[in-house]
Amino acid sequence: MKDEFPRVVLEMVQNCPTPMKTISEEVGKPYSTLMRELDPGDKGAKLGIELLIPLMKVCNSIAPLRYMAGHMGYRVASMREISPDKCSFHEELLDTYQALVEYHRSMMEDRSPEVVAEYREVLIRQLKEDFVAYMERRKGL
Numbered sequence: 736m737k738d739e740f741p742r743v744v745l746e747m748v749q750n751c752p753t754p755m756k757t758i759s760e761e762v763g764k765p766y767s768t769l770m771r772e773l774d775p776g777d778k779g780a781k782l783g784i785e786l787l788i789p790l791m792k793v794c795n796s797i798a799p800l801r802y803m804a805g806h807m808g809y810r811v812a813s814m815r816e817i818s819p820d821k822c823s824f825h826e827e828l829l830d831t832y833q834a835l836v837e838y839h840r841s842m843m844e845d846r847s848p849e850v851v852a853e854y855r856e857v858l859i860r861q862l863k864e865d866f867v868a869y870m871e872r873r874k875g876l
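Here my numbering is used: the first residue of the sequence shown is 736, the next is one more, and so on.
Check each hint, because a few of them may be wrong.
Claimed, not checked - Result set (EDC-like, lysine to aspartate or glutamate): computed pairs, CA atoms no more than 20 Å apart in a straight line:
id	residue 1	residue 2
1	Lys764	Asp774
2	Lys863	Glu826
3	Lys792	Glu761
4	Lys821	Asp845
5	Lys792	Glu772
6	Lys792	Glu856
Hints are computed from structural coordinates only; laboratory data are not their basis.
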């Protein structure tokens with residue numbers, strides 16, 4: 736786990752659509768310092784734990800948290816309220832179909848377990864949204 740965790744954090748930042756210079760500004764670290772701290776091969780620089788949550792927020796990812804929970808035999812669950820995010824029941828179902836495709840594709844492409852776990856959590860959330868939309872639809876019938 737010691738060598739894997741820094742790679743999980745690095746992968747989270749690399750997969751983030753936000754440019755690295757913007758990430759460094761948002762977490763309050765000089766660009767070159769952050770790049771050194773994220774480099775698993777640089778034994779002279781370490782990423783401090785106090786930077787982990789700001790990085791996860793900027794990257795909009797909980798991959799490191801999922802990684803840690805998985806190694807402890809747990810799974811991270813969202814505390815956000817579940818509500819459909821599409822205009823119609825059918826659109827909600829199509830959204831879930833796309834999430835399932837992306838989840839399966841990530842496994843077929845042999846992506847890292849942390850990336851696959853993120854797709855799994857998106858799929859689970861989509862399934863929950865489907866159920867809420869289904870129940871709302873039944874109330875209206």
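Results of checking the hints against the structure:
no. : hint            : verdict
1   : Lys764 / Asp774 : holds, 14 Å
2   : Lys863 / Glu826 : holds, 14 Å
3   : Lys792 / Glu761 : holds, 10 Å
4   : Lys821 / Asp845 : violated, 30 Å
5   : Lys792 / Glu772 : holds, 18 Å
6   : Lys792 / Glu856 : holds, 17 Å
In the structure shown, a violation is registered for the earlier hint numbered 4 alone.
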